[in-house]
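A.B. asks: Spelled out from the first residue to the last, the chains are:
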Amino acid sequence: MFDPAAQDHHPTLSPAFHRERRDMRAMGMWLFLGSEVMFFTAFFAAYIVARSAAPGFVAMPLERGFGTLNTIVLLTSSLTMALAVLNSKRGERVKTGRYIALTFLLACVFLVVKGIEYAHHFEAGDFPSHDIFFGFYFLLTGFHGLHVLGGMITLAILWWRNRRGDFNKDYNDPIEIAGLYWHFVDLVWIFLFPALYLL
Amino acid sequence: MSSAATTAPSGVHDHGRSYKAEAVFYAEIFGLLISLTILTVTLSYVNVGWALDLTGRAPNIVAGMLVAAVKSSLVLWFFMHMNHEGRLNRFIFAFALCLFTLAVVAFSSDFVWLHTYVVEGARAAVGGM
Amino acid sequence: MSAQTIDSVADFVHPEPTDFFHKYVWSYDHKTVAKQYLWTSLIFLVLGGFLAMLIRWQIAYPGAPVPLLGALLKGRFIFDGNGAVSAEGYIQLASMHGLVMIFFVIIPLIVGAFGNFLIPLHIGSRDVAFPLLNALSYWLYFVAGLLILASFLVPLGPAASGWTNYPPLSDVAGANSPDIGMNLVMSAVFLAGFSSIFGGINFLVTIVKMRAPGMTWMRLPMTTWAQFVTAIFQVLATPMLAAAGAMLLFDRILHTSFFVPRGVMIGAAAAANTGGGYPLLWQHVFWFYAHPAVYILILPSMGFTSDILPAFARKPIFGQRAMIISLVAIMGLGFIVWGHHMFVSGLNPWMGMAFMISTIFIALPSGVKVFNWLGTIWGGSLRLEPPMLYALTFVAMFIVGGLSGIFMAATPVDVYIHDTYYVIAHFHYVVFGATLFSVFAATTYWFPKMFGREMNRTLNYVHWALSFIFFNLAFFPMHFLGEAGHMRRLMTSTGYEFLNPMAPWNEFITIAAFCLGASQIVFAYNFIHSVFFGKPAQPNPWEASTLEWTIPVPVPHYNYRTIPTVYRGPHEYSSPEAAPADWIAQDAPPRGNRAAH
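Chains as they are written, first to last, in my numbering: chain A, 1 to 199; chain B, 1001 to 1129; chain C, 2001 to 2597.
Keep in mind the hints are simulated off the structure, nothing from the lab. Be a bit skeptical, because a hint or two may be false.
[Stated by the list, open to error] Derived pair list, reagent style DSBU-like, types lysine-lysine, alpha-carbon separation capped at 35 angstroms: (1) K169(A) with K2209(C); (2) K2035(C) with K2209(C); (3) K2535(C) with K2023(C); (4) K2209(C) with K2031(C); (5) K95(A) with K1020(B); (6) K2535(C) with K2031(C); (7) K114(A) with K95(A); (8) K2035(C) with K2535(C); (9) K1020(B) with K169(A); (10) K95(A) with K169(A); (11) K95(A) with K2031(C); (12) K2209(C) with K2023(C).
Work out the full structure: start from the sequences and follow the hints.
C.D. replies: Listed below in C-alpha cells is the structure:
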C-alpha cells in the first residue's frame, strides 16, 4: 500500500494508474458534455419556440456556400482529431503531432470563414439587433465559435505537450479527452448548420 | 508529471484492429458524413413533402433534422467511441438528451398554444388585424 | 529515497504544500477549498442578512430614515435624500437579498463547503477526483462574488428586477434603471453557475470512482448520497441558467430581442430592441434551472439531517433504502415541475394542470423522508446535543414549509396567493427554517472534525433557542399577510386601504426579524472564537460510526494514511455486533475476523 506520509514529490505513475485516471477523466468529460448539451438546449429550445410561434419570424436565408464549406471543414477536423487520438494510443509521437496541428489549422479555417461571413453581415447592416433571426444566428454561432476557440487553445497546449514528449503508449488520455470535446463542437455544428442555413 | 516507461500492452483502448483498418474505418465514416452533408444541402432545395402532397416547410425541417440526427449519431458512436464507453457515460449523455427533448417539447407546445389560441383569438376578436 | 510507484488513483495525493500561497490560497486540498467556501459564503451571509434587515425596516417604517446608515449615506446607494430607502433602492434590496442568499450563500455553503469537506472523508478517499478543477471552482465563485460586490458600487446600483430577473424589466434598460449593475450581476450569476457545474462534475466523478473498497452504494452515508443527487442537478440544470443569463446579456448589450416583445416603450421613447420575442420564454428557461435549484438548496440539508438524527438517536436511519429511492425520485420529478412557478404567467392551462399534478406528486418522496426521520427518532435514546436540536428543528420547519408548498402547488389556490407574503413565508420556512438550521446542525456536528476544536455548547443552546423562537415569530405571521393579499416586493403597505390593518403585523415581523438577526451574533461569536481558541476536540466526540470520525484531528493532509476497507452501513448504532459499546465504525473488521487475528 502506498504511504502518503512518506511520499516523495515525483512518484512513478504506473499504466494501471493511467488507465484508472483515464476512466475518471472520460466520465468527467461526458458529464461536462452533458452540461454542454443543456447549455445549447436553452438556445435551441428558444430558437424552436421563435420559429414555431413568433408571428413576425422571418428566416433569412444565409449564404449556404459558407455554411456547407464550414461543415466540411469541421467534419474533416473531426477525422484528423480521431486520427490524432488513434496515433497517440499507439505512441506515434510525430504523427500525433501532425494530426493535432492539422486539426488546429482546420479550426483556424473555420473561424476565418466565419469571420468573413460575419463581415458580410455587418456590411449589409445585419447586426444582432436587426431582427430576431439574426439575434439567434449570432447567439448560436457566437457561442459555438467560442467553443471552437476554446478547443483551439486546448489543441495548441496538447501539441506543445506532445512535442515535449509528455505522452506515450500508456499515458495519452488528455488527447483522447480533448478529442471528445472537439467532436462535440462538431456535433453542435451538425445541428446548427441545417437549423440556421437550410431550413 | 512523469510516466512509467514500462512496456505493458495498452490493451484496454486498443480495439484489436490494426492501425490501417482503424484509419480506413474512420475514413469510411467520414465519407458517410460528407455524403449526408451533400444530401441535406440538396434536400433543402427541393420540396420534400411533394410526394405526399404536403406544402410548407415542415417536411423539409423534419427531413433536415433527421439527417442531422443520423450524422450526429455517427460522430457520437464512432468518433467519440460511445460504442466502447461504459453504461454510466452513455446514461449521462442520454439523460441530457432526454432533458433536451423535454425542454423543446414543453416550451414549444406552450408557445404554439399561446400563438394558436391567444394571439389568433385576440386577432379574430378585434376583427382580423 | 527511491521513487515510489502508484498503481491506483485512490493512492495518489498532491504533496502537502509548505508555502503560504499553496496552503491557503491556490490549494488543491479539498479541506482547504471547503474552508475557503465556508468563510466566503459566511461573509456573504452577513451581507445578505443585512440587506434583509434594510428591507424589513422600510416595510415596517415606510419612509423613515434608516438609523445610522441612512444619515451616513444620504442620497447614495439605495438611500434617498432623507436617508430612507428609495423606491428603486427597495427593489434592489429585495433582488440582491435573493440573489446573494441563493447563489452566494446557500449553494456554496451546503455544496461547496460541506460537500467538499465531507465527500472525500465519507467515501474514504484522499481528495476529490479533480483537485485542480476544485480550486478553479472556488476561484470562479470568488470572482463572481467580487462582481456582485462591485455591482453595489456602480452608478444606479445593482440588479432591480427581483432575483428571478423577469424581462422586460430586467431586459430593457431605461434611463433610471441600473445598467452596468445589472450586467455585472448577470455575469456574476453566469460565473457562479459555471463554478457550480464544475463542482458538480467533480463530486459525481469522486463519488462514482473513488469510493474505498467495500463502500457500496448502500453503505454510503446519506450526506454523500444527497450530494450525489444534488450534483446531478448542478451538472444538468445549471447550464440552462448560464444560457438564459447569456441571452439576457445579449438582449441588454447587443439589443437582440429574445425576451423583448414588440412595442416596449420606456417613458415616451421606444426601446432599442426591435422586439418580437417572448418574456414568457425567460420564465420557462429560468425556471427549468431554478426549480431544480430549489432542490439544490434543500437536498444536501436532507442529507445532513439523515446522518445527524441517527447519530443522536443512537439508531440506524429508518428505511435507508426508502430514503435513497425518495432522493432519486425527487431528482427525477424535480426536472418536471418548473411550470408551477408560472401558473399566473399565461402558461397553457393544460400544461398548468400537468405541472400541478407532478408538483403534488413530489410531496410523496418528501413525505417519505419526513416520516422516516420521525421513524428514526421514534424510540431512540435521544441525546439532545446542539446538532440534534438544530436537526430536529430542520424536520419541524421543513414540515411547515413543505405543507404550505402543497397548497401553492394547487393552481386555484396559487392564483390567489401567488406573489404574496404567503410565498415568502413558504420559501423562508424551507430555506431558512430548514436549510439554514441544517447548516447550523452540520456546522456544530462537523466543527470538531473541520477545525479540530470544540464549539461552546452553552452558546449553541442559546443561539438555537433564540433563533428558533424569533424565526417563527418573524416568518409565521407572513402567512397571515399573504392570505390578506399583501403582495411581495411591495415597498410600503400604507396607502393601500386593504393593507392598512396589516401595518402592526409588519412592525411585529420587523422587530422579530431584527431580534433574529441579532441572535446570529451569538453564533458568529461562538464560531469565530471556537475556530481560534476553542478547546481541542476529540477525534470522535459524538461516537458516530461513519468513516470521517475514525481519523485523527486535525485531519492530516492525506486524510487516510491507509485507504480504509468498509464492512458495514453508515449508521451502526445500538447494533448487537457492537456490544458492549452502542456503535461500531464502518471500517471495523467483522467480529469473526477480529477473533481470528
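A.B. asks: A separate judgement is required for each hint: does it hold in the structure or not?
C.D. replies: Structure-based check of each hint:
1. K169(A) with K2209(C): holds, 23 angstroms
2. K2035(C) with K2209(C): Since the Cα atoms of K2035(C) and K2209(C) sit roughly 24 angstroms apart, the hinted pair holds (cutoff 35 angstroms).
3. K2535(C) with K2023(C): Holds, because 24 angstroms separates the two Cα atoms, which is no more than 35 angstroms.
4. K2209(C) with K2031(C): holds, 19 angstroms
5. K95(A) with K1020(B): The given pair, whose Cα atoms are some 14 angstroms apart, holds under the 35 angstroms limit.
6. K2535(C) with K2031(C): holds, 21 angstroms
7. K114(A) with K95(A): With a Cα-Cα distance of about 29 angstroms, the restraint between K114(A) and K95(A) holds, given a limit of 35 angstroms.
8. K2035(C) with K2535(C): holds, 19 angstroms
9. K1020(B) with K169(A): holds, 17 angstroms
10. K95(A) with K169(A): holds, 13 angstroms
11. K95(A) with K2031(C): violated, 42 angstroms
12. K2209(C) with K2023(C): Given that 35 angstroms is the threshold and the Cα spacing comes to 26 angstroms, the pair holds.
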